[in-house]
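Undergrad: The chain contents come next:
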Amino acid sequence: MSVDYLLHENPVGYAVFKVVLQADTIGNRLKEVQMAAQDLDKFGKMVDLVGLAPFEGTSHALQEINDVSEGILSDFLRATLETNLPKAGKKKTITLGLSEKNLAGSIKAVFPNLSCETSETSEVVADLLRGLRQHAQKLIKKLQPGDIDRSVLGLGHAYSRAKVKFSVQKNDNHII
Amino acid sequence: MERQLTVHRKVIIEPHRHAGVFVARGKEDLLVTKNLTPGESVYGEKRISVPNPNAATNGDAPATSTEYRVWNPFRSKLAAGILGGIDDIYMRPGSKVLYLGAASGTSVSHVADIVGPEGTVFAVEFSHRSGRDLINMATHRTNVIPIVEDARHPLKYRMLVGMVDCIFADVAQPDQARIVGLNAHLFLKVGGGVLVSIKANCIDSTAAPEAVFAMEVNKLREQRIKPKEQLTLEPFERDHAMVCGIYQRAG
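Protein chains in written order, with numbering that gives the first Met the number 0: chain S, 0 to 175; chain B, 0 to 250.
Any given hint might turn out to be false.
As the list claims (entries may be wrong) - Incomplete in silico selection of chain S near chain B, CB under 7 angstroms: (1) Glu8; (2) Pro10; (3) Glu99; (4) Arg132.
Stated by the list, open to error - Some chain B residues flagged as far from chain S (calculated, every beta-carbon gap over 12 angstroms): (5) Lys45; (6) Thr65; (7) Val216; (8) Arg248.
Hints listed in this document are in silico derivations from the structure and should not be mistaken for laboratory results. All values derive from a computational prediction rather than experimental measurement. For every residue, glycine included, the Cβ atom is placed at its ideal position computed from N, Cα and C.
Kindly generate the complete structure, drawing on both the sequences and the hints.
TA: Written out as structure tokens, the structure reads:
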């Protein structure tokens, strides 16, 4: 089963990549194949950026990460997929590679003609997504160096703070 | 929390074999890291300020001194491992480190000192109670990304973590090897280092510690982590071992 498109979630926004070249399942664990994914020059030829949908601000990013981590398809992500993926007809199906199965389920419910592969079902997808994680900063030309690092810092704090704030286990609210 | 800042003229700071770690040689030898936030202790640890050698010639100038924080091997498994003579810690200035089981962030603060402003520490802790302390510590250290989430479900924080050079794990869970593997498959570079602190009691309290360690090493092998080294954390911790390995995806 080959994969046509990849969804990459990063703290700046959602990015959809088209897969130009991919390893086959049998050869995926070969040393040469693994080394190619490390190399930006070689990996850059394997994928092609279709579109980037940046988040509008920190609160929007927080909302999206909360949805993504729970496997919910947000309206924003649905719109992103609608604009960046070609319409799948009855004959031609399109396969989207993404990281998590719950999100894959939510996407399938909305896009019936789209088939999904996750990192768990396909090692090829897992390796492509690893490559994106490593090289996304360079592959998305619109980003300045350090953009992702800065937004990760803000988003990490916001996400963790929200977790702690709405904690059910209020075991540290001691009355002095 | 605030301790007195001790200015030692007699203390000599020497770089440790591991880049980013230092040894303070004075009355007794101490393991130290260069304080990323001079003037602040994280958990009440002692700080040592050493005047810079070039500044010493033109009189006393406190602004031109470097501050170090003492790293207690009884409180940090990584420090215990370094004093135990670990061969490679896989983290150096500029590294990106995924730290599983960050707790309140006391050891994390020293790792943040090691990797320095160019590096990043992604600190994962599940407990909300320690998570609060972790977040507070991270507000002063911008190279620490606090992540209050379960390390068993790395996909939940996949948006926050980039590719890392090293995974350090101190989660004290029976399925620790699996947790490390899950995170490595997602976030660890090929050839990246894995450091796992294993508490024999937490895995299996009935078996002999040596048997537990051997079993855990085999589990790591199944997760495509090639074991390189195993050392005991005695005399700082009882029945603990540190296992180091290299992540390999090919083959």
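Undergrad: All hints, please: hold or fail.
TA: Now the hints, each set against the structure:
no.	hint	result
1	Glu8	holds (5 angstroms)
2	Pro10	holds (6 angstroms)
3	Glu99	holds (5 angstroms)
4	Arg132	holds (5 angstroms)
5	Lys45	holds (27 angstroms)
6	Thr65	holds (25 angstroms)
7	Val216	holds (22 angstroms)
8	Arg248	violated (5 angstroms)
The structure fails to meet hint 8 from the earlier list, while all remaining hints are met.
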